[in-house]
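Turn these sequences into a full structure, and let the hints steer you where they fit.
Chains as they are written, first to last, in this note's numbering: chain Z, 1 to 388; chain G, 1001 to 1258.
Just so you know, the hints here were simulated from the structure itself, not pulled from any lab data.
A quick note: this is a predicted structure, and the numbers were derived from the prediction, not measured.
Heads up, some of the hints might be wrong.
As the list claims (entries may be wrong) - Reference excerpt, derived from the structure (chain G facing chain Z, CB under 10 Å, subset only):
1) 1014
2) 1017
3) 1020
4) 1022
5) 1065
6) 1114
7) 1117
8) 1119
9) 1146
10) 1159
11) 1253
A virtual CB, placed ideally from N, CA and C, is assigned to each residue, including glycine.
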Amino acid sequence: MKNIFAIFKKELRRFFTDKRMLFMLIMPGIIIFALYSLIGNFIPEADPDYTYIVYVENDTAEFASFHTNEMYKTEIHSISEWDKESVLNAIKEGDVHLFISYEEDIINKIATYEPSSGDPAPRIEMYYNSSSMESSNIFTYYSGILNAYEATISNKFDINPGLTQYDMATQEDMTARVLTSMLPYMMMIFLFSGCMAVVTESIAGEKERGTIASLLITPIKRSELAIGKILALSVTSLVSAGSSFIGLLVSLPQLLKGMNFTLDIYTPGAYFALLAVLIVTVLIFTVLLSMVSAISKSVKEATSYGVPLMLIVVVLGLSTLMSTGSVKSIWLYLIPLYNSVQCLVGIFSLTFNPMHFVVTVISNLLFVVGGVFVLAKMFNNEKIMFSR
Amino acid sequence: MKEILKITDLRKTFNLSLKQRKLEGTNVKKKVAVDGLSFSAYEGEIYGLLGPNGAGKTTTLRVISTLIKADEGDVFVDGISVKENPDEVRKRIGFMTSEMKMEGFFTPNYLFDFFSELHNVPEQVKKSRKDMLFKKFGIDKFAEVKISDLSTGMKQKVSLAIALVNDPKILVFDEPTSGLDVITAKVVTDFLLSLKEEGRTIIISTHIFSLVEKVCDRVGIVIDGKMKVSDTIGNIMGGKSLEEAFFEIYKGSEGKEQ
Ligand SMILES: Nc1ncnc2c1ncn2[C@@H]1O[C@H](COP(=O)(O)OP(=O)(O)O)[C@@H](O)[C@H]1O
Ligand SMILES: [Mg+2]
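In structure tokens, the structure reads:
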């Protein structure tokens, strides 16, 4: 126990008191912040006082409330003021931003429409100009709100457009969708690359520099060495990943400006689960990369052996890009890394399942314990530690 | 004279990796590095393993220091078997090589404390030992300077001091002066002689005749993993120079091989 702590302290000291190391740890965060802020700067800001010109054909009183919202000021015209051709031209010219065409008597048609009948569904058409920022903005808003509306009318008995609720729903949807498509992937990559740098430096680096022998001739147990290293390297990797994550978080508002975006949709419980998943994930990465480093003769070799693992992480991360929720089968949550990714998807998409979370944490911890055991064996194996 | 290190019929065979076989231009999959080697060293002497590159010296010293395990035979340090009780041996032994590096971002002070802790040295004992060693080597002025900022000579002194954190009875030193400049090499030889004064036993390996002549009391000549002679330096030389004596033994062994 005392020896574990001694190793732990030494490793932390090495990473956190050395300027070069510290720089290596927080560098990714700074780069991410700089990069994304730069990208964000090229996204023009939406003017809150901007008035959007919208023409509507067959507008109905039931939909009138769609026109008022907090984000966009609109000026509504009826198509009867003009002809369709000229409106479409004006959209091309940028003088008009959106044209919405409802089918005549749309409310009644929706009410009597049977999807199973095979008849064409009541028609709503929207015309906009994708090359115009303003036109795109207002189009996104209306399609969002109409989609939300459409979702509620599949259940025909409660056509009760409480508009603020729709607004909230879209905001939540939007945040969850954007974050689910970005964060699980990025977090896995951040954790892995943080881990890669730290673990290869500490274990393969010690082999390469020949300092590991001075540890192995002391009377400490190999398991103490393995545990001390893994704990310290996990903490360090977590800090490194944390720096990337903070960089991302700080630049997120800039990057997603104009989008209806809030982090308030996540509960403290979700944040706690997030932290726990990140911790077990980093432990798994540390154990795997420690083994890879132990069989390598140099940092360079360890880094190249780490590439296949990196590819697995990237593929796992990419698999989340299209998903809107986590997988359901509990057995899949026994597979390390895959379960981490799925838990992250669950958390960000608000489809979090506590049972999945518990299985993930326990399964990962068991793998870590097994990994520590194997690593201790490797430290004790002269063929691995003193190979030529 | 008390026998403090005893090595009996040590054997160690390595499996050669493909890369290594290519490097050495051989098809043989196994390499007998140490081939039934025995010798003893006595309290307070410097014993030198002398032999050409590849003779099996480093392998022997690594077995003594518990870093690798022998296939056959055993090593007894102060009567304790390396095979049966490696942890007890680790408490009593110091191991050094001239290539053994220290992590550059730590200070001598920190590293001394760190290794003392791993060796379970009581705080008070550690303090006085550190004071004594740092003063003796002139490290005290540099105790808080990072290792990477120290001169080569000072680095070597620090690593020597650290090899003594557990006050080992026996110190194993692989190629103590190889790769060192003359001034640093002198630091090391002076160090070896002063340790001997203190009554410690030192085992070195080397291929440098002058070093053996300067510091060793007894020598074992190792060729192809076998101990050819183990005797006092005077007996081995028998009036000739050590170099001449060595090559006589070397040629003799070549003849026998064929
Ligand atoms: N870890 C190892 N794997 C494979 N072969 C080794 C290993 N260590 C040493 N050898 C081989 O064993 C022989 C003796 O090596 P060594 O003990 O280093 O000799 P010396 O120190 O006397 O130069 C050499 O042929 C060397 O190639
Ligand atoms: Mg050698």
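Hint by hint, here is what the structure shows:
{"no.": "1", "hint": "1014", "in the structure": "holds, 8 Å"}
{"no.": "2", "hint": "1017", "in the structure": "holds, 7 Å"}
{"no.": "3", "hint": "1020", "in the structure": "holds, 5 Å"}
{"no.": "4", "hint": "1022", "in the structure": "violated, 12 Å"}
{"no.": "5", "hint": "1065", "in the structure": "holds, 6 Å"}
{"no.": "6", "hint": "1114", "in the structure": "holds, 6 Å"}
{"no.": "7", "hint": "1117", "in the structure": "holds, 5 Å"}
{"no.": "8", "hint": "1119", "in the structure": "holds, 6 Å"}
{"no.": "9", "hint": "1146", "in the structure": "holds, 9 Å"}
{"no.": "10", "hint": "1159", "in the structure": "holds, 8 Å"}
{"no.": "11", "hint": "1253", "in the structure": "violated, 25 Å"}
The structure is inconsistent with the numbered hints 4, 11, although it conforms to all the rest.
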